[in-house]
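Undergrad: Now for the letters of each chain:
Number of protein chains: 2
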Amino acid sequence: MPASLWDHTVFTAQTGQGIQLGFDLPLCSSFSHVERVPHVLPKWGCAASPCRAIRYLSKRRQERICLIGDQLCREGFDLVLLQEIWSESDYSALKAKLGGCCPFSHYFRSGVIGSGLCVFSKFPIVDTLLYQYSLNGYPYMLQHGDWFCGKSVGLVIVRIAEITFNIYVTHLHAEYSREKDAYLPHRVVQAWELAQFIRHTAKAADVVLLGGDLNMHPGDVGIRLLRGWTGLRDAFTEAKHFEGCEDGCTLVPNNCFTVKSELQPFPLGIRIDYILYKAVSSFTVRCEELRTTTGTVPGMDIPYSDHEAVMAMLCIQRLGQTAGVTIGTAMPALMEVLSEARTEVCVGLLAARRQRYSSGRMAVLAMLLLLLQAAGVLGVLGGLAAGKTFPALSFSLLAFLALAILLLSAGLHLFHSIEVKMLQGTKEQMEMAMRGLQEQPLHRH
Amino acid sequence: MPASLWDHTVFTAQTGQGIQLGFDLPLCSSFSHVERVPHVLPKWGCAASPCRAIRYLSKRRQERICLIGDQLCREGFDLVLLQEIWSESDYSALKAKLGGCCPFSHYFRSGVIGSGLCVFSKFPIVDTLLYQYSLNGYPYMLQHGDWFCGKSVGLVIVRIAEITFNIYVTHLHAEYSREKDAYLPHRVVQAWELAQFIRHTAKAADVVLLGGDLNMHPGDVGIRLLRGWTGLRDAFTEAKHFEGCEDGCTLVPNNCFTVKSELQPFPLGIRIDYILYKAVSSFTVRCEELRTTTGTVPGMDIPYSDHEAVMAMLCIQRLGQTAGVTIGTAMPALMEVLSEARTEVCVGLLAARRQRYSSGRMAVLAMLLLLLQAAGVLGVLGGLAAGKTFPALSFSLLAFLALAILLLSAGLHLFHSIEVKMLQGTKEQMEMAMRGLQEQPLHRH
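As they're listed, the protein sequences go chains A and B.
The first sequence begins at 1 in the working numbering and counts up by one.
The second sequence begins at 1001 in the working numbering and counts up by one.
Just so you know, these hints were derived from the structure itself, not from any lab.
Glycine included, each C-beta is placed from N, C-alpha and C at the ideal position.
Treat the hints with care, since some could be wrong.
Estimated spans, in silico, between C-beta atoms of each pair [as the list claims (entries may be wrong)]:
hint, chain 1, residue 1, chain 2, residue 2, range
1, A, 262, B, 1333, 40 to 50 angstroms
2, B, 1070, A, 373, 35 to 45 angstroms
3, B, 1100, A, 259, 55 to 65 angstroms
4, A, 374, B, 1371, 24 to 34 angstroms
Taking lysine to any residue pairs in the SDA-like style, the calculated list, with each CA pair at most 25 angstroms apart, reads [to be verified]:
hint, chain 1, residue 1, chain 2, residue 2
5, B, 1260, B, 1163
6, A, 203, B, 1163
7, B, 1203, A, 180
8, A, 180, A, 376
Given the sequences, and given the hints that come with them, work out the whole structure.
TA: Structure representation (structure tokens):
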């Protein structure tokens, strides 16, 4: 065996039939430093519709969590990234089940409901950090409910055989309508914050992995921004071998939990769950194999979740010398993406300013109405309308209505003021990035 | 000149009388790579009381901003870290004034009012990132108002002569009563998140600087946690030469903006504004000189702010070899601090759980009252009380009251649910850190 092979650390897996995945024997047994077999499996058994995995609301939730746990146990992935585990009891159930194969885990707490994010790992988790996105929909959109989850990106640091892995798991704001996507500016801000968070925290990492439900099609501005600005590569496009739903789709029409009408323009389904990766220092990462689940659980009538799971086999190799600066996207293309993203943020900024203005105006009107009523009451008390009967009931009803409108619109005004601030801040950051690119295109990473 | 001196990069300053600080001539002119003169000046001209620098509420705000701008212009610091610049027009005024000496600047937007944080720099700002603390007081504590600022830590990256500076500016939650400090758990969470944010983002930095109003006395658990967990050193205790208020106090009784009664137990004042620093890679940092302002502006009857400014002269030196792992505090001491901080978080967790429970109970009671009333109305409509007159006014008043209580307590319940989640998450992170310390005490940094 040549000496150089001793520098290789390979992560690989033995694959059986169906979605049965083993890990005991390495595929490339000629490599000496074969350590373990990492499988990154995000979105396994999790629903993209926020209410799908909420207690009392999700269909056959406990049954599915149990199936997911069993499957993960059998397959023994090195790393499991899950989203939409909203209930802590589900996390505890999975933790108990995976205690043998993935003894290390972390649940990210955030928002009212929780971020829904958790990580199971075969290797000790050295450190964690949570970054909550500054914008995440609207609290009054109760039917969508994303705001209540406190959507975030979770970072866990795992060290395997002297290699530092920065592993990110996230779930971005859902897209409820592709034609009239009111949340696009928020999702672009989230993609930007995700990219910035990865750039700033991954500087000492050897390998960066990101898995999760990004709620963006492969060509969308947010994903191009994320990939261009971080240099992350898409496991689906890079994989040597792929098996699963056609075009790697993870939200497919023949899943019984998906809303068929939403997928009408996309007969094959859409790909919105990703595994992205890059090597930062003197390592390279290759995706040997990518798989997705394909509908129902073998021998059952339900799928694990409304999204298909993504599974990757990554091969990490140490290079002799330190790798050069990795540029995700060529400079002109990156400039274009940044300018496109900036435009989306500007569109959101205009809308937020309009809403801030109209809610402020509504609050002022309600306040004026209250003042008028107060003047009326004073007039009555002062005996100006002594001869008439005072319509106390309708008067008090109106006052309460005005008060309710005042409180509500003042709250909205505050909320949209925050939104304007954050959109403005993001726009400025993007402009600074563009200026930086123009000045020194090679110092980005 | 010996060759080794060529490896030194020195940052230094010429100091005149009073608080007049120049930077044209280096003190140590024998060094060859003398580049520029960095002065870190946080808290200059900013008020610690959140309402002090808010438009319409702060005393002689515009005059003070103008004085601060003039002074900064004359002194030509390399780096200026400001807090409590709540109004963007104040930032713009300062930016216009400092255009000549500090052409690069960044204003961090956050919350309803804004984070109040901004940075002015003589050197180009390469990148920025904002991290908003997950807990920051209560929205219903209008008289304190910290919640509305969206307290954060801002990071700017500056590269000077091939040295990467990670510069953090922050402002933690105020302490309104030292005896009954209801915000202590939140401030401890903020100190922990600040420490974690610095640890995770500063891994590729050569020098780390943190400046700001930490609202903690030097011996408080939060500052010991921050220093112990990051390895940051306190410029005040390390400074070779100090000039300014006794004991380095930054909130002193003879400042006309401070509330004298709050400072009664501390006749000299308190030190709650800091400059902390450390070298991460093959550099060392020394604090050559530390100064504070001492009351009123020369020739005027007002001080710049209610806090005294802190100014440091730092000397950064390149070492021949990479510095070893810097441990801020010895392991047993760090374990003790972590356990103390964890206890504070647990105390906060108990209180938050109580508040979550009582607001939930209140919401349920209000809901029951509404249901009772609905039953009463149905009874009247059904003719059960046909003979009696229906007290419509008091009935509708009561219904509105119940509705208002329901909405309010439901909102409080949501808020305290988030609080419980974040405190629990922090407690778990601290426990993980303690486990990590016990297992591998040297892998912390």
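Undergrad: Look at each hint and say if it fits the structure.
TA: Verification of the hints:
{"no.": "1", "hint": "A:262 with B:1333: 40 to 50 angstroms", "verdict": "violated (57 angstroms)"}
{"no.": "2", "hint": "B:1070 with A:373: 35 to 45 angstroms", "verdict": "violated (50 angstroms)"}
{"no.": "3", "hint": "B:1100 with A:259: 55 to 65 angstroms", "verdict": "holds (60 angstroms)"}
{"no.": "4", "hint": "A:374 with B:1371: 24 to 34 angstroms", "verdict": "holds (32 angstroms)"}
{"no.": "5", "hint": "B:1260 with B:1163", "verdict": "violated (44 angstroms)"}
{"no.": "6", "hint": "A:203 with B:1163", "verdict": "holds (15 angstroms)"}
{"no.": "7", "hint": "B:1203 with A:180", "verdict": "violated (42 angstroms)"}
{"no.": "8", "hint": "A:180 with A:376", "verdict": "violated (45 angstroms)"}
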